[in-house]
Amino acid sequence: MPDSFLFGAILQALINGVISGTILAVPAIGFSAIFAVLNYPNFAIGALASVGAYGGLVANTVFGLPLEVSLLAAFATAAVAGIVVEWVAVRPLNQAGALMMAIASLAAAIVLENVIRFFWGNGLRGYDLPMLRDVQFGAIRVGPQQVKNFGISIAAMVALWAFLALTPLGRAMRAVADNADLARLRGVDPVRIAAVAVALGAGLAGMGGMLIGLDTSIDPLTGPRLVLSIFAAAVLGGLGSIPGAVVGALVIGMAEELTVLLIAPSYRSVVGFVVILAVLTVRPAGLFGARA
Amino acid sequence: MTLARRTLLLSTSLLAAPSLVRAQAAPIKLGTLTPLTGAGGPYGPVMAACVRGVVDQVNAAGGVLGKQIELISEDDQTNPEAGVRAARKLIDVDRVSAIMGTWASSVTTAVAPLAWENKVFLATVSGADSITLLPHNGWLVRTQPNTTLQGKKFGEFAVAQGAKRIFVMMPQTPFTQSQFAAMKAAAEAGGGAAELLIYDATKPSLRTEVDQAMRFRPDVIVAGGYTPDTSVLLRDLYRASFSGKVLAFAYAVNQAMLGAIPKEVVEGVMTLAPSPAAGSGGYAKVQALAGTQAPDPYTCQIYDHVNLVLMAMAKGGATTGQAVHDNIRKVSQGSGESVDTALDGLRAIAAGREVNYEGASGPCDFNEIGDVLDVKFRYEQVKAGALTLIRIA
Amino acid sequence: MTALVVEGLVGGYGPDDQVVKGVGLTVAPGRLVCVIGPNGAGKSTVLKLLAGLLRPMAGSIRVFGQAVTPASPRAMIAAGCVLVPQERNVFGALTVEENLLMGAYTERGRAKSRIAEAYARFPLLRERRRQAARTLSGGQRQVLAMGQALMAAPRLLMLDEPTAGLSPVAAQELFATIRALADSGMPILMVEQNALDALHVSDEAVVLVDGRNAHGGPARALAADPTIRRLFLGGRAVPDTTKEMSA
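Residue numbers (full-length UniProt numbering), protein chains in the order written: chain Z, 1 to 292; chain V, 1 to 393; chain B, 1 to 247.
The hints are simulated quantities; they were obtained by calculation from the structure and are not laboratory data. Don't take every hint at face value.
Unchecked claim - Beta-carbon label-pair distances, calculated as ranges: (1) Gly185/B <-> Val158/Z: 44 to 54 Å; (2) Ala155/Z <-> Gln66/B: 49 to 59 Å; (3) Arg108/B <-> Ala96/Z: 48 to 58 Å; (4) Ala224/B <-> Leu169/Z: 51 to 61 Å.
Note that the structure is a prediction, hence the values are computed from the model and not measured. Each residue gets a CB set at the ideal place from its N, CA and C atoms; glycine is no exception.
Use the sequences and the hints to build the structure in full.
In structure tokens, the structure reads:
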């Protein structure tokens, strides 16, 4: 490949990576938020992303709601499912430790996945969206839907930031994540905050699932296929750190695209494993993590 | 993760078992191992139901060698690990004589050694060349033409469409390399060039891969994946305004996909598939069993599997896997009376006559390593959102 | 009226792990009362019981004459008893201002006016209000922790070993701050390991041994009492100083 050719290809891959990383950041934030407040990795996050994607699908194709409203429906469906998972599967085990809770979340993921299958089957489903051609800027190609999803992801993150930084409930959630004992002493109800964190985390996952589905189509495994990337992004950023999850997701997104270009496309899923391995070896706390 | 699912299915089949056990002692046990979930999920349930239909008919007619048949259906999840666990259950717990229907080549490759080590006969619809090259000593047959043959047909078809530069995009499968080699050979024989890109089938977007493909400046792109990843790929090809022709496997660009993705994305895509023997007696029986005018090739093939297995048992006078192993070619080919259902075949065998099974998927004649000898291919193109037949050849 | 009257307080970490076996306390408005005693005497546990973190098994608690059941931290905040715990007593990732706001979590409507009071009392906190609490020095963190507790407008402030881990200079500064707070009318109940200094700054003291009141009275008198000096002060002063120096 001539140099300018390779340069254009790398630039294109980086742009693709930033966009896919930004979308990946939405469920990764959800995963990290749950970890920060409840101290266990909720591996149902992938299945919850699928639940959200189907919730949004129903809103969009059955009720004919526009995309933005359907995304809120995706958030709400996944948030409810997340709370059910938390209350039915995970909470009863909270004395048994984080590992047991993580396993319970895995089991719940299988149930959710099959509930989706029960109602919608295995086949692909698509949202009611116009299919648009990409726009070409010199050597760089960008899709309108891609840009829109990028914008929606950014908007979701800004809304989340505002919630966490500016509202008493958001502040209380950060306080619990930082120092749960002190938060309790200041009158914060840990059960209520846990519910908020789960609803928020699962809701973001559901929104992320739908955002990814908008660009492609959805099936019950849409979310579960992302779990490795989500987990790698959260580990890289530092488990429990929300800015970390964003940066981690961007890095994973770009690394996955560059792997396609510079190594081989089939090595893409290796990126997640390599990142997890490297972080655990070199800096277990991750880029932004306080806890080891 | 899959353990709970397995337990659930196990308990479900345990619950179902009493109703299946008839008065006779020691029924014949047969297993289907089809994908109820995963990429093969659209096919597996129909396949299992078709076998159930055949078994019910044969049981109603008195069974085989005076014994009723008990069918155990398991899910391989289109996943080799899950497939091996399910096969172990069929072999160790249910003690089946034969396993039918493994779909994905990766699953068949993983399950085959378990089958031959335990003298359980395996009939599969997988196409990877490597499968029949395994040291199975006659313990498996397949009704799907091998992937080299499919690749050759793909290549020839592309060249026939006037292609000079063929870019092949496939996920990693046991047949990716061999199939590509056959395509490349066919393309080069026709004066063209071909290049392969192996992508990760779990990726939600294949934009960067499509960029790679576009840099090759192909006039034909072969989309060689399964339905979920192919639908991602087709969308990204559309977005990139790829103006050449797209060829894909019919098992990927199927009715499920046409219903799920925008029409303009799949418009013009050409598909190729081993063709069932449309118009044959066996095909008509599958149409009735599956309740559709256009049963998919795999349902046709598994229909042939169960008929062949039951007739081979009758021919050998025993209900073991060994009997199937020793006798399957005595009922599948030769100069005997032509039959297209086990009901007819079992009567003929009981009357001491030779039979030659002509199935729903084709003539069902096998060579010494278990490859099917003669199959037709069906070429279709998506026109105005529907698959339209170009030709069967 | 007396700010706090505790009688016959019994409690701990379970029926088989009673740490506090019968403690009585009285704190009058504007008085600084310290609780001292050897390790394991139950000093911190008394505060946890009074803050609603642990449920007492027996005893009565009255705050300004009103009987209080320490069912939860929320209930005790409502009753006016607010605790500054010993360690990790600020939210490190939150800003100074957010830490103060968390102090008024149960009465968010009043947060604005109280934050102005807190800044007036501790001008340092106003200067650092946009800074993450983890960037503060040890002494500043203790000030923030107290400021946070004061945001709940307590009727009784409880401090659990406020000078633990501070340098001697920072500890003296903090004691001065605590003293000034008491002098402004706030009743304070303070647990201290650093017994000699605590007696020096306090009005009254209670000495706990094995979960029970062993001695009590005016701090000055106790500081001069040779028994107390021998039992708790002489032997402890040396290791405590080393601990402070190394911290």
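Consistency of beta-carbon spacing, glutamine 66/B to alanine 155/Z, with hint 49 to 59 Å: 50 Å, holds
Taking the CB of alanine 224/B and the CB of leucine 169/Z, does the distance hold inside 51 to 61 Å? 53 Å, holds
44 to 54 Å was suggested as the range; check whether the CB atoms of glycine 185/B and valine 158/Z agree with it. The hint (44 to 54 Å, Cβ to Cβ) holds, given that glycine 185/B and valine 158/Z are roughly 45 Å apart.
48 to 58 Å as the expected CB spacing between alanine 96/Z and arginine 108/B, which holds or is violated: Check failed, 35 Å falls outside 48 to 58 Å.
When held up to the earlier numbered hints, the structure conflicts with hint 3 and nothing else.
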